[in-house]
Amino acid sequence: MIKSLHKRNSELANSKRQLEILSNGIFQNGNLPKFKDKIAETGQFPLKAKKLEILQINVGYMCNQVCEHCHVDAGPDRKEIMTRETMQQCLEVIKNTGAHTLDLTGGAPEMNPDFRWFVEEASKVGVKDFIVRSNLTIIRANKKYYDLPEFFKKHNVHVISSMPHWTKGKTDKQRGNGVFDKSIKALQELNAIGYGMPDSSLRLDLVYNPSGAFLPGNQASMEKDFKKALMDDFGIHFHNLFTITNLPISRFLDYLIASENYEDYMYALVEAYNPQTVKSVMCTNTLSISWDGYLYDCDFNQMLNLPVNSKVKHISDYNEELLEGRTIMISQHCYGCTAGAGSSCQGSVT
Amino acid sequence: MQKTYYDPADLKKFGKITEWSEELGNKFFDYYAKVFEEGKLSAREKSLIALAVAHTEQCPYCIDAYTQDGLQRGITKEEMMEALHVGAAIKGGATLVHGVQMMNKVNKLEM
Chain A
4 MIKSLHKRNS
14 ELANSKRQLE
24 ILSNGIFQNG
34 NLPKFKDKIA
44 ETGQFPLKAK
54 KLEILQINVG
64 YMCNQVCEHC
74 HVDAGPDRKE
84 IMTRETMQQC
94 LEVIKNTGAH
104 TLDLTGGAPE
114 MNPDFRWFVE
124 EASKVGVKDF
134 IVRSNLTIIR
144 ANKKYYDLPE
154 FFKKHNVHVI
164 SSMPHWTKGK
174 TDKQRGNGVF
184 DKSIKALQEL
194 NAIGYGMPDS
204 SLRLDLVYNP
214 SGAFLPGNQA
224 SMEKDFKKAL
234 MDDFGIHFHN
244 LFTITNLPIS
254 RFLDYLIASE
264 NYEDYMYALV
274 EAYNPQTVKS
284 VMCTNTLSIS
294 WDGYLYDCDF
304 NQMLNLPVNS
314 KVKHISDYNE
324 ELLEGRTIMI
334 SQHCYGCTAG
344 AGSSCQGSVT
Chain B
518 MQKTYYDPAD
528 LKKFGKITEW
538 SEELGNKFFD
548 YYAKVFEEGK
558 LSAREKSLIA
568 LAVAHTEQCP
578 YCIDAYTQDG
588 LQRGITKEEM
598 MEALHVGAAI
608 KGGATLVHGV
618 QMMNKVNKLE
628 M
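One line per chain: the protein sequences are A and B, in this order.
Sequential numbering of the first sequence, starting at 4, is according to my numbering.
Sequential numbering of the second sequence, starting at 518, is according to my numbering.
Hint data in this document are derived by calculation from the structure and do not stem from the laboratory.
Take these hints with a grain of salt, some might be off.
Said to hold, decoys possible - Lysine to any residue pairs mimicking SDA-like chemistry, simulated, CA-CA at most 25 Å apart: (1) B:K594 with A:D175; (2) B:K530 with A:N194; (3) A:K39 with A:M332; (4) B:K608 with B:Q618; (5) A:K227 with B:K563; (6) B:K594 with A:A275; (7) B:K608 with B:Q575.
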């Protein structure tokens, strides 16, 4: 298993270094326009936050997997974990928020020792859509997680899981050996209790990230292919497939540079820039909360250590009215969310 | 003078062919876009056909473009190679089937 950039003491573990790379070279010499200038062409700069719809909470960077493309640089060696105290502060926000969706992510959120307590408490509040981003293999990682499907069902959790391909080869290459088989088993277990079944209210969606330096294909077409293959080969049902573009940060940036694909990938992102997506990018209706309670426009900005441009910086000072209308923090990684049909944690945006 | 006839950067300039013949260029690109839409054949199937033809035509731009296109569509490398073998079989078959012409000629001329 590979180690995180942090554990390897890679220079890319430093978010400042990542931002330097994203602002220098082809973006400094004028070969490619900066994101700010690109969105200004259609009068969309500065990008402003609208009414909050999605509260995304990252409960920690610890994960049982070390995926090659991970923008969090998550892994078993990451120790950043949200405390129950911060969770308590999040619960106060959840009780009073106007957001309709609560989205728990990580790392593997289930590895936080207070995860179940947090889910139990948060589910009592009754948000419309309560998402847990589960990597699937965690369900099969250890006996203590075997009952997670039942736990999710009990709390009516909407499960969103990563599945980079319907073949073992592509999946294991991106996410590690054995991930495909465990993921298939976990999906079958979720199906067995009703998750993902055609008329079931127990939502099970999959997330597709390209396993390399290329952009995702059409979401509807890929969903069709995924559904057919997973049904034909394994009898698996799921509801929707979300295609997500890999953003050039953290481990994916490391991969792009090491494989000498960085410049071509940035050209591809800029070439695929679609001004229609800008009004719907997720940072305009989402707030990302880090394991230590700080606020960001999105999970990517969290990893780049670009906090919200607001007086309100921390969950302890939370004020939804003050946060609305804030100017979104941007850099060249944002091209990842505006390429083609656009990309967000909920898939395409157009 | 450039050192090679092919430059990967030229692929990005393909659209510029309209500059010297706008009407015909636009008609070509409209036709091209229409051809690759979902039809009786899926866009995925068309991408694999294009990849195979790209190889039989030995067009480096097309190989570059349709390998990338295949990856974006989730097409596996095994599927891509299988499509190439279809192209190779037809190329090989097209060579060998002319052997019948050679045999006819030999049979006609030899005593």
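Results for each hint:
1. About 15 Å separates the Cα atoms of K594 of chain B and D175 of chain A, which keeps this hinted pair within 25 Å; it holds.
2. Taking the CA atoms of K530 of chain B and N194 of chain A, the gap is about 49 Å. The hint is violated against a cut of 25 Å.
3. As the CA atoms of K39 of chain A and M332 of chain A are separated by approximately 10 Å, the hinted pair is consistent with the 25 Å bound.
4. Distance restraint check for K608 of chain B and Q618 of chain B: the Cα-Cα separation of roughly 17 Å lies within the 25 Å cut-off, and the hinted pair is therefore satisfied.
5. Between K227 of chain A and K563 of chain B, the direct Cα distance comes to roughly 16 Å. Compliance with the 25 Å bound is thereby established for this hinted pair.
6. With a CA separation close to 24 Å, the supplied pair K594 of chain B and A275 of chain A stays within the 25 Å bound.
7. Among the hinted pairs, K608 of chain B with Q575 of chain B is consistent with the structure: their alpha-carbon atoms are about 12 Å apart, no more than 25 Å.
Hint 2 from the earlier list is the only one contradicted by this structure; the remaining hints agree with it.
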